[in-house]
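Chains A and B supply the protein sequences, listed in that same order. Just so you know, the first sequence maps onto residues 0 to 54 in numbering that gives the first Met the number 0. Just so you know, the second sequence maps onto residues 0 to 452 in numbering that gives the first Met the number 0.
Calculated from the structure, these hints are not laboratory results. These numbers come from a predicted model, not from an experiment. Check the hints yourself; a few may be wrong.
[What the hints assert, rightly or not] Capping the alpha-carbon separation at 25 Å, the derived lysine-lysine pairs in BS3-like fashion look like this:
no., chain 1, residue 1, chain 2, residue 2
1, B, K34, A, K39
2, A, K45, B, K258
3, B, K248, B, K189
4, B, K189, B, K249
5, B, K207, B, K236
6, B, K235, B, K248
7, B, K193, B, K207
8, A, K39, B, K396
9, B, K235, A, K45
10, B, K258, B, K193
11, B, K380, B, K30
12, B, K243, B, K193
13, B, K259, A, K45
14, A, K39, B, K220
15, B, K259, B, K249
16, B, K258, B, K324
17, B, K380, A, K39
18, B, K34, B, K380
19, B, K34, B, K97
20, B, K34, B, K8
21, B, K52, B, K30
22, B, K30, B, K324
23, A, K45, B, K324
24, B, K235, B, K189
Below are the chains, spelled out letter by letter.
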Amino acid sequence: MNNDVMVLGGGIAGIQASLDLAEMGIQVYLVETLPCIGGKMAQLDKTFPTNDCAI
Amino acid sequence: MLDAGRHSKINLLAYSQVEEVSGEVGSFQLKVRKKARYVNEDLCTGCGTCAEKCPVAVEDEFNVGIGHRPAIYKYFPQGIPSTHCIDAENCRQLGQGKKCGICAKVCQADAVDYEQEDQFVDLEVGAIVLATGYDIFDPTVIPEYGYGRIDNVVTAMELERLLSASGPTAGHLDRPSELALRAEIASLEKDLNKFNRQIDKLEEKHGKETSEFIELFEAGKAGDDADFERWADLAKKATAAEEKLAPMKKREAAAHTAKKLAFIQCVGSRDFRFNRFCSSYCCMHSVKEAMIAHEHDNETTSSIFCMDLRAVGRGFEEYKLRGGKSANIKYVRGRVAEITVDESLNPIVWYESTTTRQVEHETFDLVVLATACVPSASTPKLAELMSLALDENGFFKTDPLAPLDTSRAGIFVCGCAQGPMDIPESVAQASSAAARAAEVVFTAPKAAASGGE
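In isolation and in its complexed conformation, chain A is listed as follows (with noise of 0.2 Å):
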């Protein structure tokens, strides 16, 4: 039994899901295919209903 978790896609679901395991006290392997984490999401300028920045 192995009390690891892997999370594969450093998108915004990926790193929420990373940070959450993280903070419960879980040792997370977070997998990207690409050179950084960000995802799409990255490349969003803001985001709606609010207008809020995206990264």
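Dock chain B against chain A, hints included.
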């Protein structure tokens, strides 16, 4: 993003992919390939000197092909990890076998390492969360919308980059046709300068003005010199370039930023030829982009062509109405049949208005296609690798009553890997998937113990 990169409990494996998976819930064995960055992560400070000096220009993926990036690059300025990376395929030294090595020379941290190789990491985990996201539908398969053929027809993501203050146009809504024109002018001017420099040298060497020389040369009185043929040729080339530049510069001077926008909804979604499903976020995305464009330039007007505008979500309907009232957005109910182009490269949108029951057309500065959210290209491969079922649309299959559980125990899915959704929903699903995964790793030892192991 920064928190995830810094958290002591998160081991970040960027530029990596899973190659092998075995085992079962509670104990999955995975082999992960860490692709060679050709830059030592521990040494690189992310200063960017290498990227400044790199002579290669590759289409910039982060800016969806608008603008260029060097072969040694950071995917985007705020990217985590803050390490550069060489795109080996486009690197002169690594991919094309040429002698270059500039980045290694200028790197003060000595971080560039052309000898680096892919590494394999073997890991064991109790549960897996898939958050592999989605791809943007390729609108070139809809020829009537002219994407790829008409310069000023762009996708929603391209507009997003054009509107971004840190994007290739610093947030000004320059049209792709004008960007192409400017690039052409710049390249012609570069050539012209080169010709002129050579001509200047010849003028100095022979102590004659070019006009004077050409007159003599054409009359056959210039005499005999190895330089003369070349001089005449250069003069001809320079004149040709100048003649070509003049009308282009005139066009460039008359150009203005895009002020009249059209958004075409359901491009690739709710279309039985491609995807039957609704991509859910594109209606609000178009409203948002139209609002941002209006915020940037108050003269901007937008028409959103839709079958129906789906504003389902907290605050969405109010947002839509606010756009109509204060951001010059007009909502037009009608499916667009075709996009054509006039001689000033303005796209013309042809549509059937369901309110007037007429086929109508209108000319715009820029047309934006609200492209569908489709399963990521890596999804089928990953599904095969992990023996997971896909649904009829190609996303990871889940049960309506257990929307985060895939067909295999211990593997959960969240965000757009499961189906199209917006950011708040992705975040909510991510937290739920994290909770499901935590449930597995916290409770499984007890279950295993009661099972007699």
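Going through the hints against the structure:
1. K34/B / K39/A: Since the Cα atoms of K34/B and K39/A sit roughly 21 Å apart, the hinted pair holds (cutoff 25 Å).
2. K45/A / K258/B: Holds, because 20 Å separates the two Cα atoms, which is no more than 25 Å.
3. K248/B / K189/B: Satisfied, since the Cα-Cα distance of roughly 14 Å is no more than 25 Å.
4. K189/B / K249/B: Since the Cα atoms of K189/B and K249/B sit roughly 18 Å apart, the hinted pair holds (cutoff 25 Å).
5. K207/B / K236/B: Holds - the C-alpha atoms of K236/B and K207/B are around 19 Å apart, at most 25 Å.
6. K235/B / K248/B: Status holds; Cα separation ~20 Å.
7. K193/B / K207/B: holds, 19 Å
8. K39/A / K396/B: holds, 22 Å
9. K235/B / K45/A: With Cα atoms ~51 Å apart, K235/B and K45/A exceed 25 Å; violated.
10. K258/B / K193/B: The given pair, whose Cα atoms are some 37 Å apart, is violated under the 25 Å limit.
11. K380/B / K30/B: holds, 15 Å
12. K243/B / K193/B: holds, 16 Å
13. K259/B / K45/A: holds, 21 Å
14. K39/A / K220/B: Violated, because 67 Å separates the two Cα atoms, which is more than 25 Å.
15. K259/B / K249/B: holds, 22 Å
16. K258/B / K324/B: Measuring from Cα to Cα gives roughly 17 Å; hence the hint holds.
17. K380/B / K39/A: Measuring from Cα to Cα gives roughly 21 Å; hence the hint holds.
18. K34/B / K380/B: The given pair, whose Cα atoms are some 18 Å apart, holds under the 25 Å limit.
19. K34/B / K97/B: Holds: K34/B and K97/B sit about 22 Å apart, inside 25 Å.
20. K34/B / K8/B: holds, 22 Å
21. K52/B / K30/B: It is violated: about 36 Å lies between the C-alpha atoms, which goes past 25 Å.
22. K30/B / K324/B: violated, 55 Å
23. K45/A / K324/B: holds, 20 Å
24. K235/B / K189/B: Roughly 16 Å separates the two Cα atoms, so the pair holds.
In this structure, the hints that do not hold are numbers 9, 10, 14, 21, 22, in rising order.
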